[in-house]
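*Asks:* Based on the provided sequences and hints, a complete structural model is requested.
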Amino acid sequence: MWRIGVDSGGTFSDVCLFDDASGRVAVWKVSSTPADPSEGIARGVAEGLREVGAGAADVAYFGHGTTVATNALIQHKGVRTGLITTEGFRDLLEIGRQKRPDLYDMQADKPPTLVSRDLRLEVPERMRHDGSVETPLDEGAFRAAVRVLRTAGVEAVAVCFLYGFVSTTHENTAARILAEEFPEAFASISHIVSPEFREFERLSTTVVNAYLGPVMRRYIGRLEKRLQDSGIAAAPHLTQSNGGVIGFDQAALLPVRTVLSGPSTGVVGAQAIGQAIGIPDLITFDMGGTSTDVALLAGGACRLTGEAMVHGYPIKAPMLDIHTVGAGGGSIAFIDSGGLLKVGPRSAGADPGPVCYGRGNDEATVTDANVVLGTLNPSHLLGGRMAIRHDLAAAAIDRLASKLGMSRMATADGIIAVVTANMARAIRVISVQRGYDPRDYSLVAFGGAGPLHAVRLAQALDMRRIVVPRNPGILCAMGLLLTDLRADFAVTRLSLLGDAAMAGVGAAFRELDAMASAWFAAEGIAAGDRRIKRTVDMRYAGQNYELPVAVPEEGDILSALARGFAEAHQRIYGFVAEEDPVQLVTFRVEASGVVPKARFEAQADSGADASGALAGSRTVWMAEADDFVECPVYRRDLLRAGNRFSGPAVIEQMDATTVVPAGWMARVEPFSNIVLEVG
Amino acid sequence: MTSRMRFGGLGGGNAVGQSSFSPVKPRFFSVRGICMTTIDPITTEVIGSALSSIVEEMGEALIKASHSTNIKERRDCSTALFDLEGRTLCQAEHIPMHLGSFLGLIEHIRKRHNQTDLRPGDVFCGNDAYEGGGTHLPDIVLAEPVFVDGIMTAWAVNLAHHADFADRGHVHIYQEGLRIPPIRLYKAGKLQVDVQELILLNCQVPKERLSDFRAQMAANRLGVQRFQALCAKYGRATVLAAGSALLDYAERKMRAGISAIPDGVYRFADTYDCPEIDGEMPLSCEISVRGDSMHLHFDAPPQVRAGLNMTMTALLSTVYYAVKMVVDPTILPNAGLARPLSVLAPEGSIVNCVHPAAVNGRLSLCQRVVDLILGALASAVPDRVIAACNGACFSITFAGHQPDDNRLWVYLETIGGGSGARATKDGLDGVHVHMTNTSNLPVEALELEYPLTLVRYELVDGSGGPGRQRGGMAIRRVYRAEHDCRVRVDGARLLCPPWGLFGGLPGGQAEINVYGGAKPFDHGHGALRRGETIEVITGGSGGYGPPSERDPDAVRRDIAEGAIDLATARAVYGGIAAG
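Chains as they are written, first to last, in the numbering used here: chain A, 1 to 679; chain B, 680 to 1258.
Derived by calculation from the structure, the hints in this document are not laboratory data.
One should not assume that every hint holds.
What the hints assert, rightly or not - With beta-carbon atoms standing in for the labels, derived distance ranges:
{"id": "1", "chain 1": "A", "residue 1": "132", "chain 2": "B", "residue 2": "1165", "range": "45 to 55 Å"}
{"id": "2", "chain 1": "B", "residue 1": "1231", "chain 2": "A", "residue 2": "623", "range": "51 to 61 Å"}
{"id": "3", "chain 1": "B", "residue 1": "948", "chain 2": "A", "residue 2": "132", "range": "52 to 62 Å"}
{"id": "4", "chain 1": "B", "residue 1": "1195", "chain 2": "A", "residue 2": "550", "range": "44 to 54 Å"}
Glycine is no exception: its CB is placed at the ideal position from the N, C-alpha and C atoms.
*Replies:* If you want it as structure tokens, here you go:
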């Protein structure tokens, strides 16, 4: 039986097929169809299956990562949405935290408010922070507001009341009336979407969920139908921002949880590789044409964050802590008015692309610098399918060089140094800023440009080991075949850590466990495959930012929480305030359903000699030597497990190039990943 | 006659004069030669990136470890690295006002303490506007020297606005809180308990202060460690050379930006009002642009016995902000940007006050100085300036006793308003402008911590000045006291509305109203009993261009969204509004 993963991006849709029986992996790439992405996906799957000689009936699993929700948010192509909220607070959505978008740039704008002011309606109701009712919900006014929105032609309605997360009474009544009056509307209710405190962030999340709801529902419906029409019977699954997959029907209920669906699959892919080869502490480095995503996995797990700013909108949902920076192969290099060399975030994209593509762009990019340095093949890319204009790239670099008063090679190398510094800064955010030392981690380099820049980046951060996956360009699609089903549940209940709080802790987790059980049942996960992880977000009473602390399965929970919190606080802030009371804030349950996953077979050791993969040599500019160095070029597809060689060397494959400078050793480990190490 | 002083770039021993008279560099500078002598532009950029990373990390640690709402939620704090001369190497961008709030600190430390006596782990604490380089007393700075291989190399510095010193007078600075010159809070890593106790006894909420000091310590400790690690990687000399090159870099960008403004002399005048004073005060400025340098000359009445006065440090940070914003928002906020600027203002005036003037509410006047600069430059670079913003930093401070345990509580918040219309776009609605950019406190956090209920929080219909581009709308915030408390409100533009540009009309004025039987406030001071409410309406902002040129679709949208009522729209926009 075949398992299929499809990662659908803006330019390409990657289809990864895995045969359970033989362990065979096949990859199929088709152009995306942005107007209706399900069309390209269905075609890619059909073609991929034909290519491996399988039929639709042979498909046991279909996993999918998508940018549909993200793109709808970036391009503001969600639906006409209405909002009903507490009297006096309809403008909260627009005021937000009352901060302007940029400190010094007067031309900067806030992201557009997703609900226009005339569609933001207020109803009399007011809850207090302890859940008591100051003003009961005016049901008649609410009913009238729903009718106004229906007449105005909205497709989705968000409902968010102050303290909706403390007492759900008013929001439940509202949801009932909304269903009675306007059943065809997509309903997004704050305590269901994000039952956590801080009203603006909860409101924003609820509105984004409403705005994307119908878009995702239609998309999922179309894709499901196309898959069914093509004869695939396996239930389709979608990745969420938390890196876990979820059934299509569940995903359609909370689309806000899929906004980071795309990048999270790459992290999951890297995680699986780390697990297979026994390296649990990883920093993922996914460098594409326009941007770079980085994430940190400690002990094999990626840190989850409960809140992030996504394209300008605060979203409270479980998300992998992925940090994105505008640095990629297409990032444009320029000299600013103060005379310093800058790179990005402006990108030449895929079209016209870098200067060396010869499609009309004349501003040097990171890729052009690599062509001039010889780190990228100076005559062709993509296994020979794409010709490269070295002359144009060199001329573009020379234009910058003359302004800087530096040589061509120093300038090209400088472009790499600057883009590397930008990426190193992104990694510092997810490592040192969170209390982790990158030197204790291995860098997993993927995406089209990751392996090319990995060593420079590792050197900037004093990291000593790099893993380059077998297929760096399609790791996201691969990740879809390696992930478990997963859902997260949370509830906010403020209490002080102490014996008295323990009953409340038990009650909160029983409530969450019940939600998790219902979800397990809906997904049809057998009892033996259910996994539960419990955490509590804690802080010193008086602080406003919490740290997650794991709850042990058994033993003294109270002292485990106290100890766990003190350790985390010490690690991140460098001090412990022993006399201060500690507060429990949000209780979380992470439920995962273990599913059969693609398994990769270890290859037999073919010996250290890599000469069988030698494809020639070329001169490459090496910063350490400050000169061109003759480097052997290896073909990745001919390298075998056990092969090893030292730098300087270049490894080429269809979708990526890996640079191994002098002082680094490359070896192919049994699962065909390349490990680069200092020494 | 008031005496006049000339100020140039801040920091180090050259606070007065010097740098503003340095020979003007060629307008079309050559990059080669300026930075190649010591360090190449790529290493500079790489180290600059690392320095930014350090101050950001310091800022995150400070915010997340702190206890008072003003820091943890409203982010009223800043972090920075300084060189030994006290020049800013890099600053985390939180609040532009803080560009000045600790610029003078290192200089004052140097005045009081012999540098050779400093030891690793010494931490200085200070806040004074006259003896510590600060701009008002609640901004307490902690500064720690960074030693690299036993050599003192730089300073890690951070500032937090401690929401304390509430319910006090503002006749002179001695009423406004405890004045702290730069003194050691830690000596070689050891807490000076006596000093700390003296400070805490003078605070109304000492427990919060103590926790916030700890967060400030954590932030500086990170800064010290990270800066040492950076020096270990690149070498101390290289890092310092890069720091110096970054100052030159900011200066070059500033000069390039000023060069793009036509030479000339530009003037603007306005009046200032606030709850503290009766009537209005005249303000004016004259800006001379010549080549790549700019001279700004302000005039204002003598300092007053009220908290609105600005120190020279506050004026300089205001000027740095405004000019950077107009000429090039991307210029690094370091000391280099001050070099092409010279600033003149009458000593002892409200914009350059001297001891013992009170300064607590200086921010609203700073906002109006930004407006003056933009107004003056409007004729020179009309596309780069915006119409008058809400012109204030409305602040409201509540103080009382908690109903359950009688503990003293103090709550301070500031409220945004309209941001002026731009040449091609409407102004932003309901935001903090110019010198401030603090967050609001979530209602769900506010009501949990303090005996207050927020009744309304919304945009004010009709407050955005009409024009081809509409001004941003003001904010209305209505509070109900759940327990008796004292209240102080500060702001501006209660009498004179924010002006429009090039035919744009003025925006709405600010208002302070009390309901439910509360006594009217006296010069911003008053009290609320349980159940009484106070309403603060901040200023809107001015429009840009004649209303007759507004896009009819935009007028229709304004009407549909309630930004303007139909009758006013017909009166202002005429035929456009009819359709």
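*Asks:* Each of the hints needs a verdict: does it hold here or not?
*Replies:* Verification of the hints:
no.: 1; hint: A/132 with B/1165: 45 to 55 Å; result: 27 Å, violated
no.: 2; hint: B/1231 with A/623: 51 to 61 Å; result: 60 Å, holds
no.: 3; hint: B/948 with A/132: 52 to 62 Å; result: 54 Å, holds
no.: 4; hint: B/1195 with A/550: 44 to 54 Å; result: 49 Å, holds
In the structure shown, a violation is registered for the earlier hint numbered 1 alone.
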